[in-house]
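Participant: The primary structure of each chain is shown beneath.
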Amino acid sequence: MINTIASFISAAIIQSIPLLYGATGEIITEKSGNLNLGIPGIMYVGGISGIIGGYIYERMAVEPSAFLCIIIPLLSTLIGSGLMALIYSFLTITLRANQNVTGLALTTFGIGIGNFFGGSLLKLFGESGSISLLTTGNYYKTKLPFADDLGLFGETFLSFGFLAYLAIAVAIVSSIILNRTRTGLNLRAVGENPATADAAGINVTKYKYLATVIGGAISGLGGLYFVMDYTAGAWTNNGFGDRGWLAVAIVIFALWKPSSAIFSSFLFGGLYIICVKIPGLSGAAKELIKMLPYLVTIIVLVFTSARKKREHQPPAHLGMSYFREDR
Amino acid sequence: MSVAIELRNITKRFGNIIANNNVSLSVNNGEILSLLGENGSGKTTLMNMISGIYHPDEGQIFIGGKQVSIRSPHEAFEHKIGMIHQHFKLVDLFTAAENVVLGLKEEGRYNIFDVVEKVHAISDKYGFDIDPTKKIYEMSVSEKQTVEIIKVLYRGADILILDEPTAVLTPQETRKLFAVLRRMRDDGKAIIIITHKLHEVLSLSDRVSVLRKGEYVGTVETAKTNEAELTEMMVGKKVELNIERTDPVDPQDRLLVKNISCINREGVKVLDDISFTARSGEILGIAGIAGSGQRELLESIAGLQHLSEGEILYNNPKTGSTDDLRDKTPLQIRELGVRLSFVPEDRLGMGLVGNMDIVDNMMLRSYRRGKSFFLERQGPKDLADDIVQKLEVATPNTATPVRKLSGGNVQKVLVGREIAASPTVLMAAYPVRGLDINSSYLIYNLLNDQKKNGVAVIFVGEDLDVLIELCDRIMVIGGGKITGIVDGRCASKEEIGLLMTKSSGGSEND
Amino acid sequence: MTDNKKIREPLLRITKRPSIVWWKAWIILAVAILAGFLLGSLVIYALTDCAPVKVFKSLFDGTFGTERRTWFTLQQTAMLLCVSLAVTPAFKMRFWNIGAEGQVLVGALAAVTCIVYIEDMIPNWLLLIIMVGSSVIAGMIWALIPAFFKAKWNTNETLFTLMMNYIAMQLVSFMIMVWVPNGSSVLPTQEFGWLPAILDKKYLFSILVVVVLSVLMYIYLKTTKHGYEIAVVGESENTAKYIGINVKKVILRTLAISGALCGIAGFLIVAGAEHTITKDTVGGNGFTAIIVSWMSKFNPLIMAFSSLLIVFLQEGSSRIAETYSLSDSISDIVTGIVLFFIIGCEFFINYKVNVRHSVKAAKEDK
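Chains as they are written, first to last, in the numbering used here: chain A, 66 to 392; chain B, 8 to 517; chain C, 8 to 373.
Pulled out of the complex, with its shape left as it was, chain A reads as follows (with noise of 0.2 Å):
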């Protein structure tokens, strides 16, 4: 029994980072003001981006050292999913764009890269077959040191690769730095009144592109999560799934806390994996169980909205763009 509970939790953590970083990259954000439904459409650059880095690297390098197949795919992703998150702010920041129309084109474009080399990648260099990159995967998928050494302890908490633990790192970080420093109280200003942030001498525009470039680049890793630990280095299409509206489900449910994101994420990836790990389920039952985490988040904004506590609200400028002149 404990082990089922253990290998349960051990599956939900793996299941829940990539959703963390969707969630948090995504909170970032909307802290500026900005809605980027293009964060599945990055989460798939992400993957991809990482994917293209290794390759090449793993093609020229005659003996693929540890250090430069992990930093190359990383750099990658983000440099890649930082890319899109900068179309999406120049488009919205600068040019003024509808944020969900941008939002969704981007999305149509990102799955359409992901999917597209994915599919081509070695076509294009002139090989056949699917991509698989076991040597760059076998080195995201490296446990640590001590993993094996504290039983089924390390086993369920311990037995992951880095970008894990990278995750939670992250969300904690984000949470301090919005919560506890200057630059989380101006952000978190811009996206609540830009025209008071603007008023107390903030520069709104940096900050907007800032957040939204930042928060891009951290969701694009868990593509590259995805992609390099849990596939192994593998890229199936479209199999990354709806994993980026679960995380953008996530921010809403975390009332737009990275501390709260951690463990959301761990409750969706549970309830992503659960109908794999309850024995005798049914088909129709496993497919009404991926449903909870769309209608427990709908519960949440309706509670918040009814409740009108105004800390668990939105970004109040959230989906707007904002004009120095219109004030």
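Do not rely on the hints blindly, as some may be mistaken.
In the DSS-like style, the derived pairs of lysine-lysine whose C-alpha atoms are separated by at most 30 Å in a straight line are [said to hold, decoys possible]:
{"no.": "1", "chain 1": "B", "residue 1": "Lys244", "chain 2": "A", "residue 2": "Lys271"}
{"no.": "2", "chain 1": "C", "residue 1": "Lys159", "chain 2": "B", "residue 2": "Lys142"}
{"no.": "3", "chain 1": "B", "residue 1": "Lys378", "chain 2": "C", "residue 2": "Lys64"}
{"no.": "4", "chain 1": "B", "residue 1": "Lys244", "chain 2": "B", "residue 2": "Lys231"}
{"no.": "5", "chain 1": "B", "residue 1": "Lys112", "chain 2": "B", "residue 2": "Lys142"}
{"no.": "6", "chain 1": "B", "residue 1": "Lys397", "chain 2": "B", "residue 2": "Lys459"}
{"no.": "7", "chain 1": "B", "residue 1": "Lys125", "chain 2": "B", "residue 2": "Lys151"}
{"no.": "8", "chain 1": "A", "residue 1": "Lys322", "chain 2": "B", "residue 2": "Lys142"}
{"no.": "9", "chain 1": "B", "residue 1": "Lys378", "chain 2": "C", "residue 2": "Lys256"}
{"no.": "10", "chain 1": "B", "residue 1": "Lys397", "chain 2": "C", "residue 2": "Lys229"}
{"no.": "11", "chain 1": "B", "residue 1": "Lys183", "chain 2": "B", "residue 2": "Lys244"}
{"no.": "12", "chain 1": "B", "residue 1": "Lys220", "chain 2": "B", "residue 2": "Lys245"}
{"no.": "13", "chain 1": "A", "residue 1": "Lys374", "chain 2": "B", "residue 2": "Lys141"}
{"no.": "14", "chain 1": "B", "residue 1": "Lys397", "chain 2": "B", "residue 2": "Lys96"}
{"no.": "15", "chain 1": "B", "residue 1": "Lys231", "chain 2": "B", "residue 2": "Lys276"}
{"no.": "16", "chain 1": "C", "residue 1": "Lys64", "chain 2": "C", "residue 2": "Lys159"}
{"no.": "17", "chain 1": "A", "residue 1": "Lys271", "chain 2": "B", "residue 2": "Lys96"}
{"no.": "18", "chain 1": "B", "residue 1": "Lys96", "chain 2": "B", "residue 2": "Lys141"}
{"no.": "19", "chain 1": "A", "residue 1": "Lys342", "chain 2": "C", "residue 2": "Lys286"}
{"no.": "20", "chain 1": "C", "residue 1": "Lys208", "chain 2": "C", "residue 2": "Lys99"}
{"no.": "21", "chain 1": "A", "residue 1": "Lys322", "chain 2": "B", "residue 2": "Lys73"}
{"no.": "22", "chain 1": "B", "residue 1": "Lys87", "chain 2": "B", "residue 2": "Lys183"}
{"no.": "23", "chain 1": "B", "residue 1": "Lys87", "chain 2": "A", "residue 2": "Lys271"}
{"no.": "24", "chain 1": "C", "residue 1": "Lys229", "chain 2": "B", "residue 2": "Lys388"}
{"no.": "25", "chain 1": "A", "residue 1": "Lys188", "chain 2": "C", "residue 2": "Lys99"}
{"no.": "26", "chain 1": "B", "residue 1": "Lys388", "chain 2": "C", "residue 2": "Lys64"}
{"no.": "27", "chain 1": "B", "residue 1": "Lys73", "chain 2": "B", "residue 2": "Lys87"}
{"no.": "28", "chain 1": "A", "residue 1": "Lys374", "chain 2": "B", "residue 2": "Lys459"}
Just so you know, these hints were derived from the structure itself, not from any lab.
With chain A fixed as given, assemble chains B and C onto it according to the hints.
Facilitator: Chains B and C alone, transformed into the frame defined by chain A:
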């Protein structure tokens, strides 16, 4: 006493309008200066030039004897100038302390507890009563104002400018504020307070500078002046406008407003026990400092404000019945057969839809007519043509979006539409604001025509000369209360001016 | 001049345009689409060596090259247009319904459910009528749930409708598992509940329905009292209250219409083309429709062209990818690029960029 800030020959124009013409004044350290003037006299514009929002076209600013150029609010801070605007710039979700440090680039690590400490220190020094950890959205207007003042002090301001700080305060709060201001003065700060309440000027300030229509009238020492002199400096001599005024024919009580009170979202009583009667064939003027409750009063009658007390009775001339309009929606009011027209202050935000053309704007009032599922456009089209022609609206055609028209033409479209509904009650809020002379007289004539047709006209105005020449009776409100109702034919400007500033709401001595 | 320093104007100053001549707006849009095409074809060239000049020809060939392709293109356009029509009234009211994907899907699900349970117990025409009815009701319910909470508690409709999409998808997966509990978990093509072919053309019926719906939607928005109320609420809620419009009622009514149309779209997909359902049956059209409606300024007639443009790009570039045996996802990349240009060009229609007067002029000032 040393001079803290001095303005010499400041002139500021917006297009062809001169907002400030050759204004000179100065404030000393350890002194409170009142800047007195009616609405639109250029007080706020002048102060915005000190706080770096505008830049003067001509003239110089000296701080501590040195000539300076203030190009942004940030530079104003560097010169230790802080302005507290009428509209607070605060993030609702943040605490007072968080708002105080927002945007500051201080040395060292950010620690909100240090900020809380410093805010406490400032509060103790000047006697503010504030909890730095309280969120803004939980605060009263007065507390929010306190946060704004502390924000300025925290940034080390020595010259403080307050734009009509008492407009939103209760008498008790005003008393507290004044005590704080006096303490700051004694601490050596230079304080400028923009106001139009005479008793406040007299009780608080050391000197008074008066502006009228952008011109500098003069500065007097408070100890050597009185209300009458200040009123005359503020409102000036009467100007003859020669607006037509006929005697009311067979006036009947049309609208009886009885003891209505209204509390706004911030919990402030914006209307306080208002009672009056509007009669048919008569123009009732409403005078008062901006924001004294005029908007809420008209909106209450139009069914757009929730009242906490009182009733609004309408005597229907057709049926002879009397209906209470309180808490009815605009649609319910119309369905009762009340022909109420309303020209709101916010023309393009409420009265008209800027992106729609003139014809579609005509339909706003009439589109429901008939049982058909479809719109009937011919009637509104004819009406639009009629209005464009009769009121000489300058527009390429009736298919032009109204936001493209000039202010005067927008107003003609709006007033034209409201009159076309052949009302029995016509309410107009600042109908000539921003209009040129010709358009203004056109509007006066339209209102007079309505009066002759037996309509009960309610006219909210700001120019006292116009009110005195146009209206049969003038009701003066201050701080949400009626301070007097005078006969337009024998009232004097000074009399009304005194009533306007005699708001019982803001007095320190109550 | 005084000896005060003149404030230095920033190099680029952005001001809102009060208005723009219609043909200027069209030129800006045309330039944007052209630039998007250019960049898109460069991307195709980079990936496939298909010379940019040939790209357009290939796109055209891929969409209108054969009669079969032409009909397919038209059918796809009609479906996208139908969903775009559905989301339009809500958008015009500034209600951000991004749940069309789910609303169409439950519409489709309702139609399939009717087929599965009724089969040939009743004549086909009657089955079709029941299917339409169920689809409309299902779509309506799916749209009214978020609308109700928006009207009641001002619940954020963007996030709400977004979540409803995935609930709809899981509902579809669930139903499929109920119907096909073992094995492939793919619902086979259904035999009943097909729309009749007109003139031997399978898709013609649904295309005609969408044409009629476009005209009706145009009439509804432009000439009815409802349409007028939608416009007023969308432009200014203050004005709506001032003239006594019951804003909540209008929100609910409009979303009911929006949802009903989505339901019809779902029905047409099932009865006119797919005859089965998967959770990806709508294939992102619910999201693309939002972009179509928005870039067409909520005008149903322009929407027809916008839909065609997007289907043209998607289908055309898929064919190119097919020729070079590459992933057909290239279509999403190309469409995305063109959309970015269209989205971005809006700025140059609404705002004016003033370049600072030459340095010389600034010096003269001094």
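Participant: Now look at each hint and say whether the structure bears it out.
Facilitator: Evaluation of the provided hints:
1. Between Lys244 (chain B) and Lys271 (chain A) the CA atoms are separated by roughly 53 Å; this puts the pair beyond 30 Å, and the hint is violated.
2. Using a Cα cut-off of 30 Å, the hinted pair Lys159 (chain C) and Lys142 (chain B) holds, with the two alpha carbons roughly 26 Å apart.
3. Using a Cα cut-off of 30 Å, the hinted pair Lys378 (chain B) and Lys64 (chain C) is violated, with the two alpha carbons roughly 54 Å apart.
4. Taking the CA atoms of Lys244 (chain B) and Lys231 (chain B), the gap is about 22 Å. The hint holds against a cut of 30 Å.
5. Restraint check for Lys112 (chain B) and Lys142 (chain B): satisfied, since their Cα atoms lie roughly 22 Å apart, inside the 30 Å limit.
6. Annotation: proposed proximity of Lys397 (chain B) to Lys459 (chain B) holds, straight-line Cα distance about 18 Å (limit 30 Å).
7. The hinted pair formed by Lys125 (chain B) and Lys151 (chain B) meets the criterion: a straight-line CA distance of about 18 Å does not exceed 30 Å.
8. Of the pairs offered as hints, the one joining Lys322 (chain A) and Lys142 (chain B) holds, with about 18 Å between alpha carbons and a cut-off of 30 Å not exceeded.
9. About 19 Å separates the Cα atoms of Lys378 (chain B) and Lys256 (chain C), which keeps this hinted pair within 30 Å; it holds.
10. With a C-alpha separation of about 28 Å, the suggested pairing of Lys397 (chain B) with Lys229 (chain C) holds against the 30 Å cut-off.
11. The straight-line distance between the Cα atoms of Lys183 (chain B) and Lys244 (chain B) is roughly 36 Å, outside the 30 Å bound, and the hint therefore fails.
12. Proposed proximity of Lys220 (chain B) and Lys245 (chain B) is supported: the alpha carbons are some 14 Å apart, at most 30 Å.
13. For the hint pairing Lys374 (chain A) with Lys141 (chain B), the CA-to-CA distance comes to about 15 Å; that is within 30 Å, so the pair holds.
14. Between the alpha carbons of Lys397 (chain B) and Lys96 (chain B) the distance comes to roughly 45 Å, so the proposed pair goes past 30 Å and is violated.
15. For a cut-off of 30 Å, the pair hint linking Lys231 (chain B) to Lys276 (chain B) is broken: about 35 Å separates their Cα positions.
16. Simply put, Lys64 (chain C) and Lys159 (chain C) have alpha-carbon atoms about 53 Å apart, too far for the 30 Å limit, and the pair is violated.
17. Restraint check for Lys271 (chain A) and Lys96 (chain B): the C-alpha separation of about 20 Å stays at or below 30 Å, so the hint holds.
18. At most 30 Å may separate the alpha-carbon atoms for a hinted pair to count; Lys96 (chain B) and Lys141 (chain B) meet this at roughly 16 Å.
19. Annotation: proposed proximity of Lys342 (chain A) to Lys286 (chain C) holds, straight-line Cα distance about 23 Å (limit 30 Å).
20. Restraint check for Lys208 (chain C) and Lys99 (chain C): the C-alpha separation of about 35 Å exceeds 30 Å, so the hint is violated.
21. Straight-line distance between C-alpha atoms of Lys322 (chain A) and Lys73 (chain B) comes to about 50 Å, which puts the hinted pair past the 30 Å bound.
22. For the hint linking Lys87 (chain B) to Lys183 (chain B), the alpha-carbon distance of about 24 Å falls within 30 Å, and the restraint holds.
23. About 27 Å separates the Cα atoms of Lys87 (chain B) and Lys271 (chain A), which keeps this hinted pair within 30 Å; it holds.
24. For a cut-off of 30 Å, the pair hint linking Lys229 (chain C) to Lys388 (chain B) stands: about 15 Å separates their Cα positions.
25. For the proposed pair Lys188 (chain A) and Lys99 (chain C), the alpha carbon gap of about 45 Å is over 30 Å, so the pair is violated.
26. Pair hint Lys388 (chain B) plus Lys64 (chain C) does not hold up; C-alpha atoms about 49 Å apart against a cutoff of 30 Å.
27. Annotation: proposed proximity of Lys73 (chain B) to Lys87 (chain B) holds, straight-line Cα distance about 14 Å (limit 30 Å).
28. A hinted pair counts as satisfied when its Cα atoms are at most 30 Å apart, and Lys374 (chain A) with Lys459 (chain B) does not qualify at roughly 54 Å.
Consistency note: the structure conflicts with the earlier hints numbered 1, 3, 11, 14, 15, 16, 20, 21, 25, 26 and 28.
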